[in-house]
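Just need the whole structure built from these sequences, with the hints factored in.
Quick note, the sequence shown lines up with residues 1 to 195 if you use our numbering.
Because the hints were derived from the structure by calculation, they are not lab data.
Yeah, the Cβ is synthetic: ideal placement off N, Cα and C, and Gly gets one too.
One should not assume that every hint holds.
[As the list claims (entries may be wrong)] Label-pair distances were calculated between CB atoms; the ranges are: (1) T102 to T147: 21 to 27 angstroms; (2) I170 to R61: 23 to 29 angstroms; (3) K77 to T38: 29 to 35 angstroms.
[Said to hold, decoys possible] Here are the simulated DSBU-like cross-link-like pairs (lysine-lysine), alpha carbons at most 35 angstroms apart as the crow flies: (4) K64 to K126; (5) K40 to K133; (6) K89 to K64; (7) K81 to K162; (8) K167 to K40.
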Amino acid sequence: MNSRFNKDYWENKYKENATGWDIGYASTPLTTYFNQLTNKELRILIPGGGNCYEAEYLFERGFKNVFIIDIALQPLKNLKKRFPDFPDKHLIHDDFFNHSKTYDLIIEQTFFCALDPNSRTAYCNKMHNLLNKNGKVIGLLFNFELTEIGPPFGGSIVEYTKLFYEKFSINVLERCYNSIKPRDGRELFFIFEKN
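In structure tokens, the structure reads:
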């Protein structure tokens with residue numbers, strides 16, 4: 001695994017508060033999706049969760065099987081400080097690629113775009129392995145040209161389709177209609193179901 005963006009890199013980002021991707025709340029496209037979920041027993045993983053307002057949002061609405069994994073410890077501490085009732089055992093301080101439990105739903109929010117693009121095939125394979133039968137990965141992907149400059153790293157519908165189509169049914173992959181203003185026109189909302 002390419003370690004250009006390793007544990008120390010991300011830990012320093014949080015310690016220096018250099019987290020421009022952190023909007024301070026759960027993003028509208030994700031909360032819109034969450035609001036239509038009815039099964040509160042779903043096992044949910046948020047990889048590269050960061051300060052993870054999405055986990056807080058879900059937990060407050062009765063989803064008690066929400067887990068966060070992050071390579072950096074500081075954002076997990078930040079969530080616990082902000083939301084003391086969040087279960088310690090659901091805060092996983094580890095590399096996503098080492099994780100082996102399985103889930104019904106995985107939430108993608110600024111994790112994929114933060115990985116070195118050389119890790120994308122490994123990401124796709126790992127997502128597939130972590131999902132239960134009929135499990136889904138849903139979330140947001142950036143819709144702008146993939147360059148060497150990042151993170152964040154972009155991509156396109158064509159690139160994402162090529163990457164995911166062998167292991168997932170692409171139920172939804174379209175321009176996001178309810179992005180926050182700074183990301184308007186630059187995000188794709190997706191729902192991929194495990195094949």
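Hint check:
1. T102 to T147: 21 to 27 angstroms: violated (34 angstroms)
2. I170 to R61: 23 to 29 angstroms: Holds: the Cβ-Cβ distance is about 27 angstroms, inside 23 to 29 angstroms.
3. K77 to T38: 29 to 35 angstroms: holds (32 angstroms)
4. K64 to K126: holds (23 angstroms)
5. K40 to K133: Within the cut-off at roughly 18 angstroms; holds.
6. K89 to K64: holds (12 angstroms)
7. K81 to K162: Since the Cα atoms of K81 and K162 sit roughly 40 angstroms apart, the hinted pair is violated (cutoff 35 angstroms).
8. K167 to K40: The hint holds at about 26 angstroms.
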